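Chemist: Okay, here's what each chain looks like letter by letter:
Protein chains: 2
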Amino acid sequence: MSQSDPLFERVALIGIGLIGSSLAHATRRGNLAGEIVVSTRSADTLKRAEELGLGDRYEADAAKAVEGADLVILSIPVGAYGKVAEAIGPYLAKGAILSDVGSTKGTVVRDVEPHVPASVHFIPGHPIAGTEHSGPDAGFASLFEGRWAILTPPADADPAAVDKLTRFWTACGSKVDTMDPDHHDRVLAIVSHLPHIIAYNIVGTADDLEAVSKSEVIKYSASGFRDFTRLAASDPTMWRDVCLSNRDAILEMLGRFSEDLASLQRAIRWGDGDKLFDLFTRTRAVRRSIIEAGQEVDAPDFGRHPEIQPKKEQAAD
Amino acid sequence: MSQSDPLFERVALIGIGLIGSSLAHATRRGNLAGEIVVSTRSADTLKRAEELGLGDRYEADAAKAVEGADLVILSIPVGAYGKVAEAIGPYLAKGAILSDVGSTKGTVVRDVEPHVPASVHFIPGHPIAGTEHSGPDAGFASLFEGRWAILTPPADADPAAVDKLTRFWTACGSKVDTMDPDHHDRVLAIVSHLPHIIAYNIVGTADDLEAVSKSEVIKYSASGFRDFTRLAASDPTMWRDVCLSNRDAILEMLGRFSEDLASLQRAIRWGDGDKLFDLFTRTRAVRRSIIEAGQEVDAPDFGRHPEIQPKKEQAAD
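Chains as they are written, first to last, in our numbering: chain A, 4 to 320; chain B, 4 to 320.
Be aware that a few hints might be false.
A pair counts as met if it fits within one copy or between any two copies, since identical chains are not told apart.
What the hints assert, rightly or not - Only pairs whose alpha carbons sit at most 27 Å apart, straight line, appear in this in silico BS3-like list of lysine-lysine:
id, residue 1, residue 2
1, Lys50, Lys86
2, Lys67, Lys97
3, Lys217, Lys167
4, Lys278, Lys217
5, Lys217, Lys178
6, Lys217, Lys86
7, Lys278, Lys86
8, Lys278, Lys167
9, Lys278, Lys178
10, Lys67, Lys217
11, Lys217, Lys97
12, Lys67, Lys50
13, Lys97, Lys50
14, Lys178, Lys50
15, Lys278, Lys50
16, Lys97, Lys167
17, Lys67, Lys278
18, Lys278, Lys97
19, Lys50, Lys167
20, Lys167, Lys178
Everything labelled a hint here was simulated from the structure, so no lab data went into it. Note that the structure is predicted; figures quoted are calculated from it, not measured.
So that you can see chain A by itself, here it is in the shape it has in the complex:
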């Protein structure tokens, strides 16, 4: 294989929403596939993917899409994995890598593995990247740049296959970590699932008030509330499935969150200013670490004020 040959001969993308279409763009940009086959069960979405030129071939039938592909990536809601795995299992090519981008990994292994032939390398994955937008129009090639992709290869995974999938994600701009599925699900429960659930919840609470009108909530949202509406605008199907698939870890994190909130509420009720000040000081350092790790923009207000970029030196507080 010469230096310029693509990493894979044929990549089949099953599901072409935000992540699937971003993978299509990144695969194209990096010349990572000889052929990109796009498949989705919605005829409208498949047609839109074709209009956008996301693939080289378009198949409504996932089983047909995976034939002869040496890399197959599922980018569909995790609740649909079992059915799709059952449908494509018999058609997967020998030696192919089957991976995915799902936000939970325990149920993915449970639902997919039984349908994977022994000759296929099943290596679940999860890129830690996204926006609140959905659908084939939402994708873009740079989505994964500088973000982490987590792989959860089984203990007996073929190192060469893991390495090849790692090279794929690296070529998409990601840094790659591996861990076991259970640990993945606990980590994601706190860094992703709980934040989304809390955001959905607070937007729901605000939407239900009688004493404050919907119009007031919207007008004055720049005082904090609007930040939460971004996560709460994420794809409802995807997030329903995440909640159902990672129940135990989510319930554990919700328990801890509520316990801490009750304690904070008590400090507010009894006027314990020192306790409030200590917490509010400690949390400030966490953001600084995230910016230093290159996982957040170093600009006030998420860079919502481009007129003040690049940001001025800040005085110490």
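Following the hints, complete the assembly by docking chain B onto the known chain A.
Modeler: Chain B alone, transformed into the frame defined by chain A:
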């Protein structure tokens, strides 16, 4: 007074943090004051304000700063209002307008009003704008553009004074609403105070976990968590005082939030997918309304990906 005369002869800015310094910039830009007097009790901050050229005169003593000013604006943590009002009260000029930018209004009226001479127009205010940064370096002239400023004039306020203060905020780029202090405090409890408290709380919860390392929380924060760290990086003194000053409204909103969260938690535990899907769909519309109202950037991920601006047409979901 000719067209080009400043709106006020002398504006005294008491406190020169994010909001105070932004007011200094906006006042200068709009030629809204013949003279800007800056005062803050911290010698270092006053020196820094002078280095930045935020005012025309600098006074460590607030009482000296307000002498002869026809507009005085307090931009200090609300917990410090009583003491400062007591100190400046006797030195306020006849006919002057005394206003503020505090995030709560009930306690502000309670703590300030007793110290205000009858000849002074006390008209509390609150601009719904900010970033997570603090201090005199953090301010910028366009902070208030397109945002709302809420005034809570007393029932017997002089309409001419309210009108003049309204013109000041309008010249800073704001749209102006008036309401009574109690209603302000309930509205802000849901759109601002609750979001900050929830953000502080979740960042604290994540920081305390044993099963997930701090390094993992930081590395994978782009999956949602990092959004919360922005509000949780806000000024600790300011937010301690907000919690202590708006206790009753905050406790009411926290009660509703926790009630809704318990119900959501139950839906997750019992696998009620329809309930989850309904909530997650309803909240999506709220963000759309905020963008349509011009109170949020119309770009995915808060515009963190400038390479995809202006955003492409999104497919319907």
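Chemist: Each hint needs a verdict: does it hold in this structure or not?
Modeler: Verification of the hints:
1. Lys50 - Lys86: Only inside one copy: Lys50 and Lys86 sit 23 Å apart there, 67 Å across copies, limit 27 Å.
2. Lys67 - Lys97: within (15 Å within a copy, 84 Å between copies)
3. Lys217 - Lys167: Classified as neither; 51 Å inside a copy, 29 Å across copies.
4. Lys278 - Lys217: between (33 Å within a copy, 22 Å between copies)
5. Lys217 - Lys178: between (42 Å within a copy, 18 Å between copies)
6. Lys217 - Lys86: neither (41 Å within a copy, 37 Å between copies)
7. Lys278 - Lys86: Between copies only: 23 Å across chains, 51 Å inside a chain, cut-off 27 Å.
8. Lys278 - Lys167: neither (50 Å within a copy, 41 Å between copies)
9. Lys278 - Lys178: Cα proximity of Lys278 and Lys178: none, with 38 Å in one copy and 36 Å across.
10. Lys67 - Lys217: Neither. Shortest intra-copy (48 Å) and inter-copy (44 Å) distances fail the 27 Å Cα cut-off.
11. Lys217 - Lys97: neither (56 Å within a copy, 41 Å between copies)
12. Lys67 - Lys50: Only inside one copy: Lys67 and Lys50 sit 17 Å apart there, 71 Å across copies, limit 27 Å.
13. Lys97 - Lys50: neither (30 Å within a copy, 72 Å between copies)
14. Lys178 - Lys50: Close neither inside one copy (33 Å) nor across copies (45 Å); limit 27 Å.
15. Lys278 - Lys50: neither (56 Å within a copy, 31 Å between copies)
16. Lys97 - Lys167: within (16 Å within a copy, 78 Å between copies)
17. Lys67 - Lys278: The answer is neither: 60 Å in one copy and 35 Å across copies each exceed 27 Å.
18. Lys278 - Lys97: Close neither inside one copy (60 Å) nor across copies (42 Å); limit 27 Å.
19. Lys50 - Lys167: neither (31 Å within a copy, 58 Å between copies)
20. Lys167 - Lys178: So Lys167 and Lys178 pass the 27 Å test inside one copy only (14 Å; across, 56 Å).
Hints 3, 6, 8, 9, 10, 11, 13, 14, 15, 17, 18, 19 from the earlier list are contradicted by this structure; the remaining hints agree with it.
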